[in-house]
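Visitor: The primary structure of each chain is shown beneath.
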Amino acid sequence: MENKGRRKIFVIAIITLLVCTFILFSSIPGSPLYKTTGPVSLIADPVQKFVTGAFDKIEGFISSIKEGQTIRDENKKLQDKVTELEQRIKELEENGRRWQELKEAFSIKELYSDYDLVGASILTRELSDWFDVFRVSVGTRDGITVEGKESYAVVDAGMHLVGRVYAADISSAKILPVLNESSVISAKLNTAGGSLLRVRGDILLKEEGLCLIDSISDFASLSIGDEVITSGAGGLFPPGLPIGIITAINDEGSYMGKSAFMKVYADYRILKDVFIMKGKVSD
Amino acid sequence: MNKYLFRKILIYGSMIILCSVIQLNYPRELEFKDMIPDFLLVLTVIITYFNGLNDGIAVSVITGSVKCIFAGRFLGLGVLIMLYSAIISAYFLRKYIRTSIAAAVLQIFMISLLYFSITGAVSFLAGGTVYPVNIFIEWWIIERLFAGSVMNLAAALPVAFIVRLIPEVGKNGEIGSQYVRPMEII
Chain A
1 MENKGRRKIF VIAIITLLVC TFILFSSIPG SPLYKTTGPV SLIADPVQKF
51 VTGAFDKIEG FISSIKEGQT IRDENKKLQD KVTELEQRIK ELEENGRRWQ
101 ELKEAFSIKE LYSDYDLVGA SILTRELSDW FDVFRVSVGT RDGITVEGKE
151 SYAVVDAGMH LVGRVYAADI SSAKILPVLN ESSVISAKLN TAGGSLLRVR
201 GDILLKEEGL CLIDSISDFA SLSIGDEVIT SGAGGLFPPG LPIGIITAIN
251 DEGSYMGKSA FMKVYADYRI LKDVFIMKGK VSD
Chain B
1001 MNKYLFRKIL IYGSMIILCS VIQLNYPREL EFKDMIPDFL LVLTVIITYF
1051 NGLNDGIAVS VITGSVKCIF AGRFLGLGVL IMLYSAIISA YFLRKYIRTS
1101 IAAAVLQIFM ISLLYFSITG AVSFLAGGTV YPVNIFIEWW IIERLFAGSV
1151 MNLAAALPVA FIVRLIPEVG KNGEIGSQYV RPMEII
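Line by line, the protein sequences give chains A and B.
Residue numbers 1 to 283, in our numbering, belong to the letters of the first sequence in order.
Residue numbers 1001 to 1186, in our numbering, belong to the letters of the second sequence in order.
FYI, nobody ran anything at the bench for these hints, they're computed from the structure.
None of the values given here were measured: they were computed from a predicted structure.
Virtual Cβ for every residue (Gly too), placed ideally from N, Cα, C.
Hints may contain errors.
A few chain B residues facing chain A, derived, Cβ under 8 Å [as the list claims (entries may be wrong)]:
{"no.": "1", "residue": "Val1021"}
{"no.": "2", "residue": "Arg1028"}
{"no.": "3", "residue": "Asp1034"}
{"no.": "4", "residue": "Phe1070"}
{"no.": "5", "residue": "Arg1073"}
{"no.": "6", "residue": "Leu1077"}
{"no.": "7", "residue": "Gly1078"}
{"no.": "8", "residue": "Leu1080"}
{"no.": "9", "residue": "Thr1119"}
{"no.": "10", "residue": "Ser1123"}
{"no.": "11", "residue": "Val1130"}
{"no.": "12", "residue": "Val1133"}
{"no.": "13", "residue": "Ile1137"}
Anything over 12 Å on all C-beta distances counts as not near chain A; from chain B, calculated [as the list claims (entries may be wrong)]:
{"no.": "14", "residue": "Val1066"}
{"no.": "15", "residue": "Gly1072"}
{"no.": "16", "residue": "Ile1162"}
Only pairs whose alpha carbons sit at most 30 Å apart, straight line, appear in this in silico DSS-like list of lysine-lysine [what the hints assert, rightly or not]:
{"no.": "17", "chain 1": "A", "residue 1": "Lys8", "chain 2": "B", "residue 2": "Lys1095"}
{"no.": "18", "chain 1": "A", "residue 1": "Lys81", "chain 2": "A", "residue 2": "Lys57"}
{"no.": "19", "chain 1": "B", "residue 1": "Lys1095", "chain 2": "A", "residue 2": "Lys57"}
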């Protein structure tokens, strides 16, 4: 009995040690450990795409029924036709939106000709605190490799900064959103000679789609409504990508010091596709 | 491999897949204060509570890996959290009551409170916010601790009912004393 208990403790200790080693190695930027998730991604991604598609269809079906019920009371025959037409309109609107996104993406391409744009669909979103990156449908086989401190900027169809590629395996990549508390970006005001700023995520602000701006120089003049863009310093993000707009400014006397809140342009709740700007730090 | 063990693996596998699918595709409309239920944590804790630590360890390694692979920043962190949730679950209420669905749900609530307290404390200490500690604690209790625990509680009841039907199987294929037939639960 005592031996059984000891064996159990031994097994737990071994698993804990192994897991801690894994955590330690995976915390190194560009860790090759992320490649080990490749086989799982290869199997899980098509399943995930299928499930997402099925959920979308069910959601569409349920909403069609909900919308149809009101009309059915007025005219049964007309309702069938209306539901069908509404479904069609939704599809066309979705197609139109996608077309607009692609059109806008092409304008990004013109603006940042040094960068290749790799389009990707979002596979899974954040689950909870500490499990808060989202996965997209491109990986190392599409040329997305994260090594050392090299990474890629991720933008939406409106060329707004969404985040950066955190890790990649063969068929999927993890994106660290701008709103995440681990995210720190060198930015500046989108004005002539705009001051350099630091944009960082904050746990309390991210639910509202806000980021914190700090490291503001004494000479910088910030106003509510000012646009914040990437500065290009550090080499991770290309300069000039819009991040968000200043919504509030905190005085130097406040407990946060001189800082500001910024509403991020990218709307993570409705985001379905993103574009990875393939360009290395050394480029 | 005896038929009970095979059936159990099949049921565990199906439940892990089902919980993972729900977890990864949880509709945004059903969120409460931006929180979604942690089905994988709920499943791990309830399986450990009803069927013992051995099952709990096996399930925690898989559910933790799912969390790490799909949404984790550090590989292994999910396994560590799930493993220790299973260990707590095995020695907490199980020591006194082994078959009650109410106790299983209560256990989920208490482990959720513990889990969110730890994540909150670590996030604060790791510099996740610039807000002072009193504002952070107040926000965390309302927005995370309360909302997250309530969501986990809601997920716990259906999962507990299903897991309760799985018999505890010993090494030699014997069925554990806590096994009940479906009708007995109702």
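Visitor: All hints are to be evaluated individually against the structure, with a verdict given for each.
Guide: Hint by hint, here is what the structure shows:
Using the Cβ-Cβ criterion of 8 Å, the hint placing Val1021 (chain B) at the interface with chain A is satisfied: the shortest such distance is roughly 6 Å. Among the interface hints, the one on Arg1028 (chain B) holds; its C-beta lies about 6 Å from the nearest C-beta in chain A, closer than the 8 Å criterion. With a cut of 8 Å, the hint placing Asp1034 (chain B) at the interface with chain A holds, because the nearest CB-to-CB distance is about 5 Å. For Phe1070 (chain B), the suggested interface contact is upheld, since its CB lies about 5 Å from the closest CB of chain A, less than 8 Å.
At a threshold of 8 Å, the smallest CB-CB gap from Arg1073 (chain B) to chain A is about 6 Å, leaving the interface hint in force. With 8 Å as the threshold, the beta carbon of Leu1077 (chain B) comes within range of chain A, its nearest partner Cβ sitting at about 5 Å, so the hint holds. Given hint, Gly1078 (chain B) at the interface with chain A, holds; its Cβ is 7 Å from that chain's nearest Cβ, closer than 8 Å. Of the supplied interface hints, the one on Leu1080 (chain B) holds, with its beta-carbon coming within about 5 Å of a beta-carbon of chain A, less than 8 Å.
Restraint check, Thr1119 (chain B) versus chain A: the minimum CB separation of about 5 Å is within 8 Å; hint holds. About 6 Å separates the beta-carbon of Ser1123 (chain B) from the nearest beta-carbon of chain A, less than 8 Å, and the hint is met. Contact between Val1130 (chain B) and chain A, as hinted, is supported at the beta carbon level, the nearest pair being about 5 Å apart and thus within 8 Å. Taken as an interface hint, Val1133 (chain B) does not check out: its beta carbon lies about 11 Å from the nearest beta carbon of chain A, beyond 8 Å.
With a cut of 8 Å, the hint placing Ile1137 (chain B) at the interface with chain A is violated, because the nearest CB-to-CB distance is about 11 Å. Not every Cβ of chain A is farther than 12 Å from the Cβ of Val1066 (chain B); the closest lies at roughly 9 Å, contradicting the non-interface assignment. Once the 12 Å rule is applied to beta carbons, Gly1072 (chain B) is inconsistent with being away from chain A; the minimum gap is 5 Å. Listed as a non-interface residue, Ile1162 (chain B) keeps its Cβ farther than 12 Å from every Cβ of chain A; the least gap is roughly 20 Å.
The straight-line distance between the Cα atoms of Lys8 (chain A) and Lys1095 (chain B) is roughly 17 Å, inside the 30 Å bound, and the hint therefore holds. Annotation: proposed proximity of Lys81 (chain A) to Lys57 (chain A) holds, straight-line Cα distance about 19 Å (limit 30 Å). Taking the CA atoms of Lys1095 (chain B) and Lys57 (chain A), the gap is near 46 Å; set against the 30 Å cutoff, the hint is violated.
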